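**Student:** Chains as they are written, first to last, in this note's numbering: chain E, 1 to 151; chain H, 152 to 302; chain A, 303 to 453; chain X, 454 to 604.
These aren't lab readings, by the way, just hints derived from the structure by calculation. Only true hints are included.
Distance windows between CB atoms, simulated:
{"hint": "1", "chain 1": "E", "residue 1": "D10", "chain 2": "H", "residue 2": "G261", "range": "52 to 58 Å"}
{"hint": "2", "chain 1": "X", "residue 1": "D562", "chain 2": "H", "residue 2": "E262", "range": "35 to 41 Å"}
{"hint": "3", "chain 1": "A", "residue 1": "V355", "chain 2": "E", "residue 2": "R19", "range": "18 to 24 Å"}
{"hint": "4", "chain 1": "E", "residue 1": "D109", "chain 2": "X", "residue 2": "E537", "range": "41 to 47 Å"}
Short derived list, chain E residues pointing at chain H, Cβ under 10 Å:
{"hint": "5", "residue": "S36"}
{"hint": "6", "residue": "N37"}
{"hint": "7", "residue": "R81"}
{"hint": "8", "residue": "F82"}
All values derive from a computational prediction rather than experimental measurement. Glycine included, C-beta positions come from ideal geometry on N, C-alpha and C.
Chain by chain, the residues:
4 protein chains.
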Amino acid sequence: MRLSSEPTTDPSDYEFAHRIRVRFVETDAMGIVHHSNYLAYFEESRVAYLAHVGHPFTEWRDAGLESPVLESFVAYRQPCRFDEVMTVHLQLASATRATFQMNYLITVDGEPRSTGVTVHGCTTTAGRPTRLPAWLVDLAARRTPERQPGV
Amino acid sequence: MRLSSEPTTDPSDYEFAHRIRVRFVETDAMGIVHHSNYLAYFEESRVAYLAHVGHPFTEWRDAGLESPVLESFVAYRQPCRFDEVMTVHLQLASATRATFQMNYLITVDGEPRSTGVTVHGCTTTAGRPTRLPAWLVDLAARRTPERQPGV
Amino acid sequence: MRLSSEPTTDPSDYEFAHRIRVRFVETDAMGIVHHSNYLAYFEESRVAYLAHVGHPFTEWRDAGLESPVLESFVAYRQPCRFDEVMTVHLQLASATRATFQMNYLITVDGEPRSTGVTVHGCTTTAGRPTRLPAWLVDLAARRTPERQPGV
Amino acid sequence: MRLSSEPTTDPSDYEFAHRIRVRFVETDAMGIVHHSNYLAYFEESRVAYLAHVGHPFTEWRDAGLESPVLESFVAYRQPCRFDEVMTVHLQLASATRATFQMNYLITVDGEPRSTGVTVHGCTTTAGRPTRLPAWLVDLAARRTPERQPGV
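Using the sequences plus the hints, can you model the full thing?
**Tutor:** And the structure:
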């Protein structure tokens, strides 16, 4: 298991937030959001985050790069329901030369509903593993100063 | 609107049948299958049908062809529920040189639940419209003799 | 087939617009939005429209009512792609005492990509058909004056 | 994090296998199965497993019970592609009085593609946590003798 940390339920531990309203199609016969949709919520938020930091997916694509998901983890704390507006809090948690990890917290009206982690690699569009872009490694280093040796 | 016929609820009007068990993820908070899933059921059945007639999607791909959906129609007659085993009846209803139409009937224990139609074109993988494969036009002609002029 | 009109590609024929950004999960191996997702886009927009006219789904629920989809039609004119921002134009096209019809046009940067129709009934939460709420019949009458007899 | 073990890539470590053919709708613009679908594959296989051991979901429902997913983990080792037939290997890995854990391995032609874990609770249909059914605790004990103290 590559994923190395359990994300917190404190929104102040996250650097970015993105709002998503639950669609009816995302509910299931238990009357709540089906657990598979959280990975899509994380993904939409990740795309918004990368655009926010000035490196939208188009930049990856133009560089011939993709960032496949290597691992995912979700803790379903409280269910979400149709038409609720979720805030997806996101943190670039760490990066090595080959992989990076994102942490997520979903809240509704400030109440924690779900936490999660995704671990990503970097490949060429042909699928060959390659180094992460330097800006992403730098960004992770700046975002998580406490994890740098000597600090 | 290209689609030209309303599919019947008589299974004997269909040439092929394919079974699918409803997944929990496909239900919604009304406790029934969400209406968007029927297009995926039709698609899975279409793929099975093309393999059955000896022209699997790999043959299309190897020929550099795709068959994008141009139109879809679904009539939701009675809902389907989690774990029900649906029979998707399928008929290649018609074909021109540029498009073909598939009719569908979904039954559970012989009871009609849904009918539908998809209309497909034929393009190169680059998206340029091209002629249907000859075998598909021939197949449609043989399947629907009553629709041919002079017969 | 209950659905009675083909929606136009002129945005000025629609009374309401709702924006949705294409998610990566909604794409398929042809590199475009999978055709089943348009029904979810229509649904999200319908929910936004009903809230906009002051009758959110919670009002339906509190009245013990649901509006199941009876029929759907989609014409896929041009594909949509990941991260494109779609505008879903919506029109309450007609209503009888038992059913109502919504028309949809999806544009990206003013270019028509897709049109569609959904036909809805009205049932109790137990699934028994019942009359549409009066406000909805009135709303449809006001929205489509040209269709009223004697006008 | 409740989940306690990383599932192996050895099919002989699993007690049950279920086959699923990849649908086109499950692919994404990278040409592979979108990572969110694995949770649906695990779920379909879990439902088949519970029927196989003689306790289908209907038994849960008739007893007024549900088994919500509390946590999920997926390791995406090699991608799956459209029309591939996956074998989902499943193991009831452990159970306490309140939760149980399932391990999964997905192979195609014997090659490991993905592993995963789901952790489930047990609630009444009203959402109140309750004890697991006794048969499930017994089943887990019999399936994993090596994990019992003193054996």
